[in-house]
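Novice: Residues per chain, in single letters:
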Amino acid sequence: MWPKEFDYVRASSVDDAIQQTSDNTDAKILAGGHSLLPAMKLRLSEPGKLVDISRLADLKGISANGTLSIGAMSTHAEIAASADVQQYCASLATACGMVGDHQVRNFGTLGGNIAHADPASDPPTVLVAAGATIHIKRSRGERSVSAEDFFIDLFTTDLEDGEVITRIEVPNLSGHKAAYVKMPHPASRYAIVGVAVILEMDGDTCKSARVAVGGATVSAMRASGAESALSGSSLDDAALNAAASAVQSDISDALMGDVSYPESYRQAMSGVYLKRAVKAALG
Amino acid sequence: MSTRMFGSGIKRREDPRLITGKAKYTDDIKLPGTLHMAVVRSPHAHANIKGIDTSAAEAMPGVVAVYTGEAMNLPIPTGALIPDCNLITPEHPSLAKEKVRYVGDGVAIVLAENRYQAQDAADVVKVDYEVLGAIINPEDATKDGAPQLFDDVPNNVAFRWLMGGAENQEASNKVFEAADVVVKERIVQQRLQPTTMEPRAALAQWNAATEEMTLWVTTQNPHIHRVLLSGIIGVPEHKLRIIAPEVGGGFGAKIDLYPDEALACWASLQTGRPVKWTETRSENYVAMTHGRDHVEYVELAATKDGKVTGIRSTVYAGMGAYLTTFGAGIPTILHALIYCGVYAFENAFADVIGAFTSATPVEAYRGAGRPEATFLVERLMDKMANALDMDPTELRRKNLIPKFEDGYAAPTGVTYDSGDYEPALDKVLEMAGYSDFRKEQEEARKNGKYLGIGVTTYTEICGLGPSEVNGAIGFQAGGWESSIIRMSPTGKAQVLIGVSPHGQGGATSFAQIFSDGTGIPMDDIEVVHGDTNTTPMGWGTYGSRNAAVGGAALAGAITKFKDKAKVMAAHMLEAAVEDIEYEDGQLYVKGSPDNAKAIQEIVLMSHLGWDMPAGAEPSFEVSNFYNPPNFVYPFGAHIAIVEIDAETGTVELKRYLAVDDCGHQINPMIVAGQIHGGLAQGIGQALCEGSIYDDNGQLLTGSMMDYAVPRADMFPNFELDHTVTPSPHQPLGIKGVGETGTIASTPTVYNAVMDALKPLSVESVDMPLTPYRVWEAIQNASNGGSA
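Quick mapping for you: the protein sequence lines, in order, are chains A and B.
Throughout the first sequence, residue numbering follows the working numbering, covering 1 to 283 in sequence.
Throughout the second sequence, residue numbering follows the working numbering, covering 1001 to 1787 in sequence.
No lab work stands behind these hints: they were computed from the structure.
Some hints here could point you the wrong way.
As the list claims (entries may be wrong) - Some chain B residues judged to face chain A by a derived CB distance under 7 angstroms, without partners named:
| no. | residue |
| --- | --- |
| 1 | Tyr1025 |
| 2 | Asp1695 |
| 3 | Ala1708 |
| 4 | Tyr1772 |
These numbers were taken from a predicted model, which means no experiment stands behind them.
Cβ coordinates follow ideal geometry from the N, Cα and C atoms, glycine included.
This is chain B alone, in the form it adopts within the complex (with noise of 0.2 angstroms):
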């Protein structure tokens, strides 16, 4: 009796080397006769090169070279190339040449024998600033009169993109001229910075014998690197090699090619030695991708019997000093296409301006767009309770789209796999008690307490993507994924994927599909990820596409597999193909189970060759690309309880409650896991963690003394449940749920803060909901005015 392994919450076998500390990280690996770069980052947010003197850097002691931008030509591309919106990509150097647009914009890299002696020069490199107005905020980026980061951008603006075009805003318009009610609000959606544990690395060594260029990087996609880079630095793609060794979190950040990298290459190009970065965390905070940094103005509209019609933006989208691989991507397609969320919406219209501002580029972070269209419909659909006096949970439910199987065509153009949103609801309202508690609530205000709760339903799309849709919408990538499968003599698998892991768990959970698939046991088989010279052509882990297409991907390459064994085992068994039955690593013929022939003696025999089947190959080695017909689409409902503390301002989170439904769980304590980190990250947001820059665009919140990044004790045990409701065209059944987490609890946390404060006629508090902004609203509310 075998136990499936699919399904199965076992431990993850990547943890006992991460929690010891033997697993080995980029800056772990160590190549004799290694040069250290340190690169020189602008202090200012925004100013015109002068002229730049590196002679007394030069004369440090241990200095080999100090480059400036003059001496290199090593343009970084952008990814997301989104039509009919006038999109503008201006140059990004990987070395600034006449501007430097943000603080931590490099001017200069140091090359040393040591990481000292490259630190000690970088500080002596004297750069002639000549300071400009710096501009942080995205709206006022696109005012007249505000700093223009480039000559040929006007007023900052990168792209305009209207959802539906023209034609879209004229039915939005209808839809709310039609409407009985609407509800507005004005939404920051703050930036943010992806604290990875682990802060960018890359090793860079160019073997001038063989004329290959290998790369040890901090990335979670290493054919988009090597992709990418190849035009950069002008190594041909079969000569360069990307290894993605152990990764510690990228949460988005890591997609990009950053300059720091190429720059390395390039560097181990001139000198002919490898050349290694490893940034600190105050460089890593300026200097890799934030996320978010949306001002937002939102409006839903509705019958005044609480059926609600339609929703609509003005979104000012921050896209930082330069586009970077997805940046025009993530307010738009990624955020817009998903407005409707779980509701039966007539239109949704968005009007999505992209602005430069002098501040640290804006890449995808956990969730990227997602997370701000969940925030902005379901803040409203709180508002829109509020107005129309409903209780927030009854206006949700009556306007929930109807369960589906296979397929439900959204106005925004995009079509759900499927979905069966009340279970869910449903089922969070019962393990929270929430009839219950809204009497508890309603005696504790009377005692001075401020109990609050949030509820949200949702759903996602993930599972990065249909080609078909890249293409369309001018994403520069495949959205397909790979994996083979290769079988040594004595039965050992390696699974080769094209995604590339990074803290997700793949190792365990592709090995899980793979073990139940084929009888393999656990033991017997390796997942090799993140290496460009022994993997197979994919697209990298973001966008909750790891498990949803990567492990699409291994289920095509297991039938394979089995058609393969099958074959010889007819032959072994002398037997016809279609009789042969595969069960638990046995293959026999129909009806006789006793003379059964193990996998393991079918690959031998297929790797000796001594008595092929005709037509068939010798070895055992199949592989599979899979391109997905629709993206996934996760939901659930969300649920959390709050309590204010008045007199500070202090919110504590005491109860989180979530059910989600990423389909069938290949791992229920990965999946958990997934979901605890999403939450916490999401929450973070809600309470604690937003970027600060002053006027003149300095970051305020620089180090971890400043940048709230939230922790275990803030969080009480999170209640976790599921609904299965499987994806109809993915073959294992399965969504994404790397993002489910920071989508649905930042607007669960807020409204439950806000329905808390209720009682003290707050209604709006820019987030992060920190004491001191919380007790702000509420003095300004009692004091009668506003803020």
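Next comes chain A alone, as it looks inside the complex (with noise of 0.2 angstroms):
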């Protein structure tokens, strides 16, 4: 509840925010501030200071040009009541949706989020299924990184130092089946375990699956032995059992717990909730 002091600068440019924060190891930027903040009034947290890069013009608004661009400060409320986003991928609304409450959905944002990586959020799960690009700008340029690629580790990314997440691109998915299920922990509501499939199907067969898992692991990861159990079949029981024995056996290094909820019981869920997935997906 009481942070250490600290500074508060508002950024005028994404370079000057890179400046402020390349300058100063000490600073930290600041998005929506529904991670950090509390982390800091926890004193878990503790910059000297806060370089704020949420009113930045250029890091906001989302656009739909053969894929989907959603700039990093979009809120989580933007980006679930978005039609662009409903179209392209909807499943992505519908995780920004379930992120906390009214108040952090319309604080929080998207590229604070990923940048956090908390493992039991649940729009990184979507974005790796979905194989998004993470676009980040620094003082030498440019460069992207796949979502995947992207989450790391527990609160772990591939973002360094002086590095500004600026967009989130998502390819477009209209013609997928796409869901994101997830299993809500009942106190803090982020998800014990979120599963995201995105399925291309020919008829009643699935020519592709792309499946990525959270809340049970400790990043959003890709499961490609679930991936593949799924490719190829019709989606009946026998594909959907063995997809959910293998996913759980993607994730078996990877598997996080808390007091409450063990890792193997995640790593169970992991399959039920797979198979709820795709169900879903499938409407």
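Fit the two chains together into the complex; they arrive one by one in their own frames, and the hints show the way.
Specialist: Laid out in structure tokens, this is it:
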């Protein structure tokens, strides 16, 4: 409740933010503040300076031009309500609509969310399944990284000091069947397990599948064994059971549990929720 | 034609300010020159303090003073000195001196110009700890070799209480020896963290000129605070003023006078400046009292045709690190005396061992002892029904105490006031469509769906209580209540009450009682509470006593009010007092209602005093102090219908039905609100709430990220109804209702889940019934193994 004393500046541009955080390792980027400020109030994080990028126009806005481009400072509420997101990747809208409560969704941003990389948060799982690309600006220019490679470990990403996420690019998945389902933690409502599936269908056959898991794992991650089990199948019970079994193997080295919901349970639930995700995707 | 206010479900007058953020809580009160206090708390569950270095903290900006326990002598008293149980009451210093005994135990305080500076300095107070072993489980705490919290408390046993003594134990043994069937269960009543919306806060202001201390504080009982605090800080009661401004929930956890509150007062005395302390939620979860925490071994005895004859228990009750105000009274008096519930058992016996543990102290939590008792009775009734292959509803019905209107002497030694249990059971069964449900359940099971139903019939003991009983059971407080009615010359009423509502809607329901009794319009009535300088002595709000005891005090005051008005009216109307009628605020001579005096005119003339009846006092004020002759015993029957998702272990509460009988209802909407809140907390215990400590005594459920407070989306619309069985001794015929929801709902939901899991051969799962625990139990049962 009582953070350590810190300085606050509002960045005038993305470059300004990069400059200010490159010069000062004690500085942190402030986006919506809904992960960072609670940590500061608990004195788990004690940055000397916050560089606020939440109002930078360059980082806002959602557009759909072949691919979906989401400005990093778009709020969860904006994404959840966006017709473009609904059309291109509806399960991202679903996931953003599950984050926190109204106040959190109105302030929290997708860029801030993925930079924080809480393993139990919902949007990263969908971004990994969707094959999203994270665009990053730094003093030396710009770079991009796939969502799959971006999330590395618990609260750990590919992002380096002095870098700012500018936008998140998501392919047009409007022709796919997709879903994100989760088991919410009764206390925090974060995911005990969250599963995103994106299915490319050819009639009743699943031509290809992308599957990602979060909540149960130290970071959002692809589940390639489950993808193989689903791909080429008719998504019948045998295929779903095989995929449910495969997903548990896929994540077995990256499991994460807590005092109420241990790893073994989350692993088992990843299989259950994978099946539910496929069923939800097929409607 | 007037509408009776009593019984009317009008909106609560408190709510507009509460829901628009205009209400003033303790932390909202700002005084110039205030110092802010931060408490340095132990990070260890059990450790010797080898030394405390405050020098770095003292040098921090804005710091005015840093104090450790050596600087003061502020022992916190306990209030439940239960006799005949070898109770040991070790000293509970406000700041630990030689030893800390739970994570959160205070070791130092920092006073600074603002809250940030206080916290910064608290962070650099260096305490040299020698860490000792932690002990959290109350049963394990009593075993040889367990870490010892106090040198003079062998095996951490604070007390051992045998209900009815050795004689009753022998009687119990005979009942069990004669039984055809005995069922047993080990029940863990998990530790709960009362999550009041407002954490605790205190603002102490010492006025050196007048030598008066004022404390604004989050309390359920300002007068108890005044008595206790006076003894601790040495400011006499007539110079000590306790104010409970808006208080955002208590649930029992704001009964106690806390160390932090005494420290704020003491610090104000030291510095001559106001001192404010407001805790964070993290602090609240470790340092505000917890509830429940029993490990119980319970048994029920019956004949083979289903006559239940006896109940007995061995209970290990966790006290936490120190005895709280009511701590020892909860698993004993408030628990075992209701072991017979609504049933005509021959005998009840309890062997209760209170154990110190290196955890947050345990105090009352909504229901306080009675939820635990009702749970074990109702759990055993279901087990007995299974053992006898009887329908659980029929077993209950067979054992119900028949209707009584004025007293039933239970074998536990208490006398229930009134009860008519079967109609409530019939009503709830009809609402739920019980017999149809059993068919639906059978069909669902064939389709792999696990539906379950739980039925509870309950009574409880509340409206605390007859003062003589308090004396006999060692409760260091009276049980009576008070009310003063103070009329102004223009006919406006202040109703000053000794109880201290903090969310119960008392300002509305007391105004309804008064308006109904006197004909004074609601808008002309202000209910005043929560300030020891303005309200009469009273014992506060807990144990469902607000309306049951406080309302009775007001009813008596209304009688005196009307008698006084009649004397004046008789004088003004030149009639005999006994001929005066008082109706809807009008006083007239019998048969002549057209020639009436309004109560407002009578009040005005009494104030003016120009022409008073002989011997009558001028002005218009009456007071009444009411000592209840007995407790009240609300009762009812509840049903829960659940469906289990066997793949995940998730429990879906599909329907919840409650028929409660709290006698006459002052305000049905407030009654429903109390039941809703109670149900939420009771179901929370069944399904999601529970403190978890690790082996080192660290509270792992120390924030709302991990401690699962129940939320609205867990619940279906509650289906409520009621029966009305007035209390024969309460002047308004009312019984308490603040705790019935928590008392009945935990076993109802638990039994429903176990009923659903029956085909999966799961017989017992420790609460809370989280998806993981239910799933694990299903896995273990289907693997043919035990857990």
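Novice: Does each hint fit the structure? Answer for all of them.
Specialist: Cross-check of the supplied hints:
1. Among the interface hints, the one on Tyr1025/B is violated; its C-beta lies about 15 angstroms from the nearest C-beta in chain A, farther than the 7 angstroms criterion.
2. The beta carbon of Asp1695/B comes no nearer than 12 angstroms to any beta carbon in chain A, farther than 7 angstroms, and the hint placing it at the interface is violated.
3. Taking 7 angstroms as the C-beta contact cut-off toward chain A, the hint placing Ala1708/B at the interface holds, the least distance being around 4 angstroms.
4. Hint status for Tyr1772/B relative to chain A: holds, with the closest Cβ pair at about 5 angstroms, below 7 angstroms.
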